[in-house]
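Colleague: All chains, full assembly: derive it from the sequences and hints.
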Amino acid sequence: MNKFINVILPLPLEKEFTYSVTDIEAESLQPGMRVAVPFGKSKIYTGIVTAIHEKAPVIYQAKPIDQVLDSFPIVTENQLKFWKWIADYYMCTTGEVLKSALPGAFLLESETFIRLKNIPEDTDILLDDEFLILEALQQQSTLSIAEIINILNKKHILPTIQRLVSKNVVEILQEVNEQFKPKVIRYVRIHPSFSNEKLAHQLLDSLEKAPKQREVLLSFFSLSSRTKKPIKISELKKASGCSAAIIRSLASKEILEEFVLETDRLNTETLQKEEASVLNDEQEKALFDIRKNFREKPVCLLHGVTSSGKTEIYVHLIEEALEKGEQVLFLLPEIALTAQLIERLKRFFGNKVLVYHSRYNVQERVEIYKHILQHDEKGKIILGARSSIFLPFKNLGFVIVDEEHEVSYKQFEPAPRYNARDAAIVLGKLHNAKVLLGSATPSIESFHNAFSGKYSLVTLQKRHGNVLLPQVEIVDIKEKYRKKQMNGHFSDRLLEEIRTTLSQGEQVILFQNRRGYSPILECNQCGHTPQCPNCDVSLTYHSYSNKLRCHYCGYAKAKPINCLACGSVDISTKGFGTEQIEDELKTLFPENVIGRMDFDTTRGKFGYEKIISAFEQMEIDILVGTQMLTKGLDFRNVRLVGIMSADTLLNFPDFRAHERSFQLMLQVAGRAGRTKKRGLVLIQTYNPYHNIVQQVSTNDYPGMFKEQMEERRQYRYPPFFRMIKFVLKHRDFGKVDEASKWLAKSLRNSYGENILGPETPPISRIRNQYHINILMKIDQRQSLVRTKQNVSRILVTFNAISAYRSVKIVTNVDPY
Numbered sequence: 001m002n003k004f005i006n007v008i009l010p011l012p013l014e015k016e017f018t019y020s021v022t023d024i025e026a027e028s029l030q031p032g033m034r035v036a037v038p039f040g041k042s043k044i045y046t047g048i049v050t051a052i053h054e055k056a057p058v059i060y061q062a063k064p065i066d067q068v069l070d071s072f073p074i075v076t077e078n079q080l081k082f083w084k085w086i087a088d089y090y091m092c093t094t095g096e097v098l099k100s101a102l103p104g105a106f107l108l109e110s111e112t113f114i115r116l117k118n119i120p121e122d123t124d125i126l127l128d129d130e131f132l133i134l135e136a137l138q139q140q141s142t143l144s145i146a147e148i149i150n151i152l153n154k155k156h157i158l159p160t161i162q163r164l165v166s167k168n169v170v171e172i173l174q175e176v177n178e179q180f181k182p183k184v185i186r187y188v189r190i191h192p193s194f195s196n197e198k199l200a201h202q203l204l205d206s207l208e209k210a211p212k213q214r215e216v217l218l219s220f221f222s223l224s225s226r227t228k229k230p231i232k233i234s235e236l237k238k239a240s241g242c243s244a245a246i247i248r249s250l251a252s253k254e255i256l257e258e259f260v261l262e263t264d265r266l267n268t269e270t271l272q273k274e275e276a277s278v279l280n281d282e283q284e285k286a287l288f289d290i291r292k293n294f295r296e297k298p299v300c301l302l303h304g305v306t307s308s309g310k311t312e313i314y315v316h317l318i319e320e321a322l323e324k325g326e327q328v329l330f331l332l333p334e335i336a337l338t339a340q341l342i343e344r345l346k347r348f349f350g351n352k353v354l355v356y357h358s359r360y361n362v363q364e365r366v367e368i369y370k371h372i373l374q375h376d377e378k379g380k381i382i383l384g385a386r387s388s389i390f391l392p393f394k395n396l397g398f399v400i401v402d403e404e405h406e407v408s409y410k411q412f413e414p415a416p417r418y419n420a421r422d423a424a425i426v427l428g429k430l431h432n433a434k435v436l437l438g439s440a441t442p443s444i445e446s447f448h449n450a451f452s453g454k455y456s457l458v459t460l461q462k463r464h465g466n467v468l469l470p471q472v473e474i475v476d477i478k479e480k481y482r483k484k485q486m487n488g489h490f491s492d493r494l495l496e497e498i499r500t501t502l503s504q505g506e507q508v509i510l511f512q513n514r515r516g517y518s519p520i521l522e523c524n525q526c527g528h529t530p531q532c533p534n535c536d537v538s539l540t541y542h543s544y545s546n547k548l549r550c551h552y553c554g555y556a557k558a559k560p561i562n563c564l565a566c567g568s569v570d571i572s573t574k575g576f577g578t579e580q581i582e583d584e585l586k587t588l589f590p591e592n593v594i595g596r597m598d599f600d601t602t603r604g605k606f607g608y609e610k611i612i613s614a615f616e617q618m619e620i621d622i623l624v625g626t627q628m629l630t631k632g633l634d635f636r637n638v639r640l641v642g643i644m645s646a647d648t649l650l651n652f653p654d655f656r657a658h659e660r661s662f663q664l665m666l667q668v669a670g671r672a673g674r675t676k677k678r679g680l681v682l683i684q685t686y687n688p689y690h691n692i693v694q695q696v697s698t699n700d701y702p703g704m705f706k707e708q709m710e711e712r713r714q715y716r717y718p719p720f721f722r723m724i725k726f727v728l729k730h731r732d733f734g735k736v737d738e739a740s741k742w743l744a745k746s747l748r749n750s751y752g753e754n755i756l757g758p759e760t761p762p763i764s765r766i767r768n769q770y771h772i773n774i775l776m777k778i779d780q781r782q783s784l785v786r787t788k789q790n791v792s793r794i795l796v797t798f799n800a801i802s803a804y805r806s807v808k809i810v811t812n813v814d815p816y
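Residues 1 to 816 (the numbering used here) are what the sequence shown spells out, left to right.
Just so you know, not all the hints are guaranteed correct.
Pairs of lysine to any residue, SDA-like flavour, derived with a Cα cap of 20 Å [said to hold, decoys possible]:
(1) Lys212 <-> Ser224
(2) Lys706 <-> Pro719
(3) Lys292 <-> Leu279
(4) Lys676 <-> Asn466
Simulated from the structure, these hints should not be mistaken for lab results. Here the structure is a predicted model, which means the values were calculated and not measured.
Modeller: Below, the structure written as structure tokens:
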């Protein structure tokens, strides 16, 4: 009987595809292994095997696979189940999950080549383009598609290739290229025939007339006498001051031997090991309560004020998991946080800690993936951003989601648009692992789940070492402007405290949640503001590059000298970002070192580490930054935190704006006074009596939670209703408008008043595509599974309408 396999392809396809395999292939194959399979007319993709069976597909003829790429599964059974849950819950395809879950080097795609088959007797039958290709193939055996494009100097070359195939001149080949290459280091050793010391002396004498070769050999003997390790060619070049050509000439004379060894790309720097710190009474009680709660419920929320010592509790729980032989996943919302935490964890756990995030290149990610798959010593503790939930855990026992409230855990583009916090809870359930959510300002949903008994709750009310929470002072800048007590964007009160702090040898953090110099450049004569040609948004001015830049599509142009509308030179900036604050500080405090931490200054792989390290070592006096600064960073010498403008956070068209404002302000406030001396937080605002500002000043999380819950119950928002957001996109506004009305009407027929929209968002055009939103609210009494199935059927009908087929729909479950 014929054997078949089901395969997930890294494409946005609704179903798995079935391929035929031989009996020998079927015996060697297992679910989770990679296979290269043909798809479409001539393309080969890497797919993941999900099942081996004997049931032939009914609708299409099963093609044979091209080749088996693995000798053992690289995807575990639990990973396949997890991918299926992600695809079902977030309404995307398993192919999209596969593409996001595996490092790109695992997903090989074929490259198309053509090879000469026959030279026609009469070349007059060939067109000019075809003759050029024939001539090129007579010079080299094969040509890639890219090479043919260069030869013909045009992009549409497939018709030409197809004509050559039909004339029996060429044949098409598909080659699958392995992207991952192990890192190798080149070493050198003495040839075995000269290992005797006496022979070595004779050898040196024989090289009297080749001084450079003799110098290399002397350097080699000097290095090998100092170490028993193999000698790297790079070390030998440096020690001797000679080129690689001299070493090669010694190898050609069989005096030296070159060889290579595979090495790990991962940083295995060993730090001096430390024991876990002794916990205080409150931490001990919290640890006891967490252990006790884990016996009853697998998910626990640790609500601890900033600097209460949550990380020390994590360390003790990680130790317990390691003693049981379990793997630990430590999730963080920002790569910036890994920079500081990795050193602390490595001091406790050595090289058992691996870091995984998007700033690592594809080769490094493959090596981390393999360590975890093999469940070796290096894959015991994984510290990573949201994508690390997709790693191939074999024995996951404990999951920590630190700063669980952070919006950075939500993936927005591309699909799957998952929330790593929620997905980590499901991952823990699949592995029977315990999940600990930690935050000083928990999300409304998580606190509601703990309040209602779905999760257990443990609280830490005091800072470690009984340090007082920072004093929060509100500065009314409307009044300060009226009294002319503002210097740029700084109130006299903030400047006074900055001077006091710096004079005492302490550091300052200033928070402004907008990067760039200024969000708007405006002509004072006609009011014209430069706009992005691709998006409905004004261009942000960046002074360091003297450019106007769009933060949505990346479009950039030089800052104009004259107004583009009226020609006036009277142009000024409106609003302010981190760059402008940095510039003002350099003028106000010329003798101090000013640092800036935002997306522009942390683009490099180690950008975060450099800035954080410099601030920790007190090389920077004042650090200006965006919300990157708010997320759990531990600086020991910060006395003052200034929030430059609370109003930009509060006045935002989003039902979560007040919750997020409270979290951001309280988190950034928590960076102040983390050691013995009490810190100070100054909040500049035009609205000092706003509820959220007042709640931040008194650290009143329960008050904020109660108020927000009442509003959400009244207006039907989470956690009382679930939400699905549909974003329709197209270059033609008329088409996307018509399509959105059809979709909204179809959804409203089933769900009535729980469908909001269609509405045009504040920024209605991005990358030359018009956006229209439809929001769906799902009552908790409704079946979520059946609702999604019904929505999927409506979307299938929508895509079947030819007039709307070109309109793209982005489906975002739990969008905020």
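Colleague: All the hints need checking, so say for each whether the structure fits it.
Modeller: Each hint tested on the structure:
1. Lys212 <-> Ser224: This hinted pair holds, its Cα atoms lying about 18 Å apart.
2. Lys706 <-> Pro719: Answer holds: Lys706 to Pro719 is near 13 Å, not above 20 Å.
3. Lys292 <-> Leu279: Holds, at about 17 Å.
4. Lys676 <-> Asn466: Satisfied, since the Cα-Cα distance of roughly 8 Å is no more than 20 Å.
Going through the hint list in order, the structure satisfies each hint without exception.
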